[in-house]
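Residue numbers (this note's numbering), protein chains in the order written: chain E, 1 to 203; chain X, 1001 to 1223.
Keep in mind that a hint or two might mislead.
To give an idea of the chain X side of the interface with chain E (calculated C-beta under 8 Å), a few residues [stated by the list, open to error]:
#	residue
1	Thr1008
2	Arg1020
3	Asp1023
4	Glu1083
5	Gln1084
6	Ala1090
Covered stretches of chain E, as calculated for chain X (at least 3 residues, CB under 8 Å) [what the hints assert, rightly or not]:
#	stretch
7	41-53
8	67-73
9	80-86
10	89-103
If you're looking for bench data, these hints aren't it; they were derived computationally from the structure. Glycine is no exception: its CB is placed at the ideal position from the N, C-alpha and C atoms.
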Amino acid sequence: MLEAAELECERSGRTLFRGLSFNLGPRELVRIAGPNGSGKTSLLRILCGLLAPTQGAVRWRGTPIRRLAEEYSRELVYIGHAAALKDDLTPFENLEIACRLAGLEARREALAAALSAFGVPDLPVRKLSQGQRRRAALARLLVSERVPLWLLDEPFAALDAAAASYTEEVIGRHLQAGGSVVYTTHQPADLDSDARVIDLATP
Amino acid sequence: MMLSVVRTLVRRDLLLAMRRRSDAATALLFFIIVASLFPLGVGAEPNQLRAIGPGVIWVAALLSTMLSLGRLFAADYADGTLEQLALGAAPLGVVVAAKALAHWLVAGLPLVVIAPVIALQYDLERPLYGVLMLSLLLGTPVLSLIGAIGAALTLGLRGGGVLISLLVLPLYVPVLILGAGSVAMAAAGLAPSGQLLLLGALLVVSAAFAPWAVAVAVRIGLE
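My request is simple: use the sequences and hints to build the entire structure.
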């Protein structure tokens, strides 16, 4: 479904990786590994179309993502470093707005269920801890089960053990339902044994 | 789909403005204060005030719009929401047009409404109030749209606020000339329709083209 061909990425004059190619099919899990600054986030941003690769192309079902634009955006969920939450809104309002903007159907019960499954308290985001913000961001996954491609940047950062294993369970369910997941991580997770690894440390 | 994205985004930005009323109030108060300082500084000579009134009110509107431009994309950029907007279901051009509309509702429309009160201080004649309000109604959305280009180009830069002013103020000059000119024209007893129509044309052109320029600038800013 997702095909990366001969990707090269250069940031501020330094080549992070070059000649990177891989395919991602349904039910596949890929972990992007590498030390800090090796270009893991850049690769994820290239895959979701936020960053243009210096060389090469990313194709979705055979069509370059540049040409698909929003059509491709609708097929993916990207959870980046920043939680993309508004401090002045509640997690519920944030999630509801995020769903509408992503063109997802957003029933109120489903949103509330997603937030309570991740144990997010109903307070303005400003009052939430780092881990709770992360949970609120990840709650988007539960309402995006229909979206085939998940691109997750450090999904387990700042999470406690219970939330991390719940996140792994959610990812596992998505894979079983035929989805594909690409993620980066520093903490070792149980998922890692199932994942194909793309190591950016060895060029 | 696109309409629902526009509606959601405008509603979100208005909600955020409501939760942070002081930000929106700052721009409006700035407008009122700047426009009120001139009669105090220049002196209470009615003919002089009448002559400078339209120009001063328009310049104050320009500066007040500038003041709120810095926040147009900066907050969304900082918390990662802008990335998500760029990956949304609607084209980015539509998204930024919705943001410019919300900016105008918060920063532009209040100026239009409060303008007659300011005009009172300059002893403008009653029939001119309508022309002043109409010129602001046509002109302030152009300020938001053009300003959005500057705000998007300075995304993520340090000292972006000053840079926005340098980028955007020269582009505001035609709006200023036409806006203040229409009121001056009406004050001289001539029909202001020429200036107002040109302002309307500026609005149509900027509404059609500015969002796409903003979208390109935002994409570059996000890289």
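Checked hints:
For Thr1008(X), the interface hint holds, the least distance from its beta-carbon to any beta-carbon of chain E being 4 Å, beneath 8 Å. Nearest Cβ of chain E to the Cβ of Arg1020(X): about 6 Å, under the 8 Å cut. The hint holds. Because the closest C-beta pair between Asp1023(X) and chain E is about 11 Å apart, greater than 8 Å, the hint is violated. Checking Glu1083(X) against chain E: minimum C-beta separation of about 6 Å stays under 8 Å; hint holds.
Nearest Cβ of chain E to the Cβ of Gln1084(X): about 5 Å, under the 8 Å cut. The hint holds. A cut of 8 Å between beta carbons decides the hint on Ala1090(X): the least distance to chain E is about 6 Å, and the hint holds. Chain X is given as covering the stretch 41-53 of chain E, and this holds because 5 residues of the stretch bring a CB closer than 8 Å to a CB of that chain, at least three being needed. A stretch counts as covered by a chain when three or more of its residues have a beta carbon under 8 Å from one of that chain; for the stretch 67-73 of chain E and chain X the count is 3, and the coverage holds.
Under a criterion of three residues with beta carbons nearer than 8 Å to beta carbons of chain X, the stated coverage of the stretch 80-86 of chain E is upheld, 7 such residues being counted. Taking a C-beta to C-beta cut-off of 8 Å, the stretch 89-103 of chain E contributes 8 residues in contact with chain X, enough for the three needed, and the coverage statement holds.
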